[in-house]
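Quick note, the sequences are listed as chains D and C, same order.
Residue numbering for the first sequence is 1 to 337, as defined by the working numbering.
Residue numbering for the second sequence is 1 to 364, as defined by the working numbering.
Possibly wrong hints are sitting among the right ones.
Some chain C residues flagged as far from chain D (calculated, every beta-carbon gap over 12 Å) [what the hints assert, rightly or not]:
hint : residue
1    : 11
2    : 53
3    : 87
4    : 91
5    : 94
6    : 100
7    : 102
8    : 106
9    : 134
10   : 138
11   : 158
12   : 175
13   : 183
14   : 198
15   : 309
Capping the alpha-carbon separation at 30 Å, the derived lysine-lysine pairs in DSS-like fashion look like this [to be verified]:
hint : chain 1 : residue 1 : chain 2 : residue 2
16   : D       : 265       : D       : 200
17   : C       : 96        : D       : 63
18   : C       : 16        : D       : 200
19   : D       : 94        : D       : 63
20   : C       : 167       : D       : 200
21   : D       : 63        : C       : 167
22   : C       : 149       : C       : 216
23   : C       : 149       : C       : 167
24   : D       : 216       : D       : 163
25   : C       : 96        : C       : 65
26   : D       : 63        : C       : 16
27   : D       : 200       : D       : 163
28   : C       : 65        : C       : 16
29   : C       : 65        : D       : 63
30   : C       : 16        : C       : 96
31   : C       : 167       : C       : 355
32   : C       : 355       : C       : 216
33   : D       : 216       : D       : 63
No lab work stands behind these hints: they were computed from the structure.
Bear in mind the structure is a predicted one, so any value in this text is a computation, not a measurement.
Glycine included, C-beta positions come from ideal geometry on N, C-alpha and C.
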Amino acid sequence: MTSENTAVPLSPAPAAPVAPRAQHALYSPSFHGEGSQLFGLMFIGAFLSAITLGIYSFWFRVKLRNYFHQNTEFAGDRFAYSGTAVELIIGTVKAMVVLAVAVGVYLGLGYAIHPAVATIFLLVVFALLTPVVTIGAMRYRLARTSWRGIRFSFRGRVSDYVKVFLPGWFFTLITGGLYGPWFYMRTREYRLNHTYFGNKPLHFDGRGLEGEMLFKGIIASLLWPFTLGLSLVWNMAWIQREVWRRTSFQSAGFQSTVTGGALFKHYLVNGLLLVVTLGLAFPWVRVRNQRFFCEHLSLEGVLDFDAIIQDAQSAPATLDELGEMLDLGVLDLDLGL
Amino acid sequence: MHLAPSSFRGHYFDGKSAARLEVDIEPRREGLHFRVSAGAEHLWSWPEVRQVQGFVEGEPVRLEKGGELPEALVVGDPGFAHALRHAAGAHTHRFKLPSSNQSLLQKGAFAAVGLVLAAAGLYLWGIPWISATAAQKVPVEWESALGAKVVENLSEDLADCEDPELKSTVTTVLERLSTTTGSPYTFNVRVLDDGTVNALAAPGGHLVLFRGLLEKMETPEELAGILAHEVRHVTLRHTSQAMLRELSMAIGISALTGGMDISQIAGAARMLGSLQMSREAESQADLEGLELMLQAGFRGEAMIAAFGALGGGEELSWLSTHPDTRARREALTLALAGRTPAATPPALPGAEAWKAMVARCRVE
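Make a model of the complete structure from these sequences and hints.
Rendered as structure tokens:
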């Protein structure tokens, strides 16, 4: 995947002092969206998609992404999403071509050579597809996300990520999941360390945590039937806290205050809302989720925003669309975007 | 915060760094005029400005100027949108006031109702009509090939009943029925050695009978009743229709939900729906099957008796693929109303011989 470096030279400092000097501060994102707004957006969008036989759905998806970006605020400013429906349409067409070719090869192999060969082909394709699509989708979404006008970007390469992903996936498979924590850490490290805001990268180091994660994971799974699943919720909250504690940007560190109790209550209320309203409260639940995520996340340290310069990279939507079509749920952007 | 009636405090971003500058912005006739605190004055003319945020309540207005990596102005004051539109002259239509939460909620509710009506219309009329029309156009060879595959899949782990007398009896009945219909399909039947009480009609004329069902039939004539029903499923192309229906609904639902993940609810709705339509198809196969029986020379009472043997009583018709057998028998009895066969039936073994050959089917 080629990346054009469209960085512009840093302009000379303005004549008058205009921004406060970087200080130690605590920032926390907040979500300003309302369930009623999302309800309107979702149903109007669904209706228009229906009567246009799906054509409007691309604009609908862009509208939803816009909404979540624009209503998430950090340090006084909102995020922005600059993807377009046309990009999604082109990406979908390309993705359909890719899928058609894959299906063609699969069928061809099955008839011409042997069904077993075709099945192996399918397995290989799927094994490769997850990391490829993950990177492609991340690259596209990050490239279209900005804050204070500065774009995010993903600087990793698919080939490098596949080298991290495939062995990890394989070992996790043959160890029945025991290798899972190492797989999770190595892939998360790659993804986050290659995520950039402007010209500055994020940083995540999960080394040393894997053993404890495996231990706690096993305990939580064993206790699951006795605690009606609560042990799993507690474990999830612990993982969130530990993982964010080791994530940083520049000289500021992230922190998550998610607790098992808070997470459990959150899920409980979500569940009740959905049941009582027969699913109609879905927009309110999504808003609650975003709010919960933002409320429990913070970034603390010295952040010199003036020193972060624009360094946008290009990215096509093809792999993002392929991920959507295969419903791979690859969006683990950790930024709630 | 207003500093002068038409001046607003906001922020400026130059698109080159993440630095945020405080500015005073004044919408004027010629454009957007703003001054970086104690610094240079800028003017953005209206054609250059576009609004990208500020469409819902509480969202600050964000204006951009430039191409891919634009400069931006952000103002949180809710009065700014009004001032913008007031000053923009010919360009007013490009700047929007935010929609209130209440209006979004209302519009959403209307859209939801519209959606339900559209979906209901499509489901009740659109899709059935499309699938029925399309099903009639599918070439017989395609149906036949598909049907053969379906049967192959179904019978993978099961053995066939090999008893020659049984096979010849079943084939005789089927041949009489299929020649009476005069349809283009080449019918064939397999009898599987399994206790399931069921019979299936795959597209293209490939029928499958289970031993369990044969055991419930007192005479070959009763079997004719079941076969007539299945033959009608084939000539009326019910299974092809049902498959096309499933396909169009799957496409429709994913177009509708474009992003929303309620696929599980949709999946359940679809299952119930396709069962509902199968009930109509079953009724049609019943009544036309009865006609076929009479034309082929079999007694209609045999069909009714066959259904009686199969019915397990009052089933919950909601959740089963067949309307409860009692209602079906009643409908058939009404339709039969004392009519007699229109031809002489083929020579068939009697009840005892039939029972014996069914028992011989079992592969030890």
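Now the hints, each set against the structure:
1. 11: Violated, because the least Cβ-Cβ distance between residue 11 (chain C) and chain D comes to about 7 Å, which does not exceed 12 Å.
2. 53: Answer for residue 53 (chain C): violated, closest chain D Cβ roughly 5 Å.
3. 87: holds (24 Å)
4. 91: About 22 Å separates residue 91 (chain C) from the closest Cβ of chain D, which puts it past 12 Å; holds.
5. 94: At about 17 Å from chain D, residue 94 (chain C) clears the 12 Å cut-off, so the statement holds.
6. 100: violated (9 Å)
7. 102: Given that some Cβ of chain D is not farther than 12 Å from that of residue 102 (chain C), nearest at about 7 Å, it is violated.
8. 106: Residue 106 (chain C) not clear of chain D: closest Cβ-Cβ about 8 Å, inside 12 Å.
9. 134: holds (16 Å)
10. 138: The assertion about residue 138 (chain C) holds, with a minimum of 20 Å to chain D.
11. 158: The claim holds: residue 158 (chain C) sits with its nearest Cβ about 21 Å from chain D, beyond 12 Å.
12. 175: Given that every Cβ of chain D is farther than 12 Å from that of residue 175 (chain C), nearest at about 34 Å, it holds.
13. 183: Per Cβ check, residue 183 (chain C) is outside 12 Å of chain D; nearest 31 Å; holds.
14. 198: holds (29 Å)
15. 309: Per Cβ check, residue 309 (chain C) is outside 12 Å of chain D; nearest 41 Å; holds.
16. D:265 - D:200: violated (37 Å)
17. C:96 - D:63: Given that 30 Å is the threshold and the Cα spacing comes to 16 Å, the pair holds.
18. C:16 - D:200: holds (14 Å)
19. D:94 - D:63: holds (22 Å)
20. C:167 - D:200: Violated, because 78 Å separates the two Cα atoms, which is more than 30 Å.
21. D:63 - C:167: violated (63 Å)
22. C:149 - C:216: Satisfied, since the Cα-Cα distance of roughly 28 Å is no more than 30 Å.
23. C:149 - C:167: Cα-Cα ~22 Å, so holds.
24. D:216 - D:163: holds (28 Å)
25. C:96 - C:65: Given that 30 Å is the threshold and the Cα spacing comes to 17 Å, the pair holds.
26. D:63 - C:16: holds (26 Å)
27. D:200 - D:163: holds (24 Å)
28. C:65 - C:16: Holds: residue 65 (chain C) and residue 16 (chain C) sit about 13 Å apart, inside 30 Å.
29. C:65 - D:63: holds (21 Å)
30. C:16 - C:96: holds (27 Å)
31. C:167 - C:355: holds (13 Å)
32. C:355 - C:216: holds (9 Å)
33. D:216 - D:63: violated (40 Å)
Checked against the numbered hints above, the structure violates hints 1, 2, 6, 7, 8, 16, 20, 21 and 33; every other hint is satisfied.
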